[in-house]
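Mapping the sequence shown onto the working numbering, position 271 (from 1) lands on 924, and the numbers just tick up by one.
Accuracy of the hints is not assured; some may be wrong.
As a list, the in silico DMTMM-like pairs of lysine to aspartate or glutamate whose alpha-carbon atoms are at most 20 Å apart [said to hold, decoys possible]:
| # | residue 1 | residue 2 |
| --- | --- | --- |
| 1 | K706 | D695 |
| 2 | K852 | E864 |
| 3 | K858 | D825 |
| 4 | K755 | D695 |
| 5 | K852 | E873 |
| 6 | K734 | D825 |
| 7 | K926 | D825 |
| 8 | K755 | D768 |
| 9 | K859 | E876 |
None of these hints come from the bench; they were simulated from the model.
Only a predicted model underlies this, so the values are computations on that prediction, with no experimental measurement involved.
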Amino acid sequence: MRNYLLQLALCCGILVCMSGCIYIVPEFFIWQDKHFKTSEIDYKNEHYQSAMKGYRAMTEIYPASIFSDRMLLHIGDCYFKVQSYDSSILYLTTLLRRPPTKRERKNSYDNTRHDAREILSQAYYQKGMYAASLYYLSFSDTVYPFRSWCGNAYEGRSNTARYLDLYHKVGDNEKELKYLLRTISCSCHDKQDKLIRIKELLRGKKNLTSELDSALVRMESGEGLEGYTWYRFRFLNSSICIYEIDECNKVVIKNKAEAASAVRTSDFYATIKSLE
């Protein structure tokens, strides 16, 4: 049966070539190629040097394959893993300049374009090119967000820490503050280094305590995906969320009034008040 399929695929390929059309290698040939199989195994086992060597050979043999973008992605990732950042950037940029393959277009949860930009962001970060790193991170987060396993739904991945770091490095204080406030939980988990940085960024601003008190009056609440209640208020154009449960999954906040009280007794509130 296997020989019959190979003969049939080969026959079809010859007919297509004889007709003068551009011939795209059938998916069957790729899966059966021993070099492709070996490269996939090497990649999964983190043998990056041998994996990238095999993938490079495959992209030369099957340049129009529906798996070509996937192989370019893996080559770029392999170069990143062995810290050859320029080569990683070269292959991933080549991938992004190509139109999506049929496989990408038909697969409703394909993340090739997202993953390529994620790795590019990290590669530029390692080179100290933070503006470029920020560009590709935001691109992967908005235009090509991560698609979850369930199809067209996008997974709610949090890149807050990365944005926070990058905005700090490029000197965008306004956006750094925005993402910094998102990390506040008004609990014991608010580390002092965060609060110190918030104080530095807000130094010189007026009426912050009254603005925070007004935000607490407009506190919102809702139910999260796991059935827990969240409480949210907007302060300085940022949403700050606190939750009804503690680290032991014990309910400690029962309503908006208690949520507001928790904020007013937090180190975060004390930090804001100290700026008056």
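Quick rundown of the hints versus the structure:
no.	hint	in the structure
1	K706 x D695	holds (10 Å)
2	K852 x E864	holds (15 Å)
3	K858 x D825	holds (17 Å)
4	K755 x D695	violated (26 Å)
5	K852 x E873	violated (25 Å)
6	K734 x D825	violated (29 Å)
7	K926 x D825	violated (24 Å)
8	K755 x D768	holds (18 Å)
9	K859 x E876	violated (34 Å)
The structure fails to meet hints 4, 5, 6, 7, 9 from the earlier list, while all remaining hints are met.
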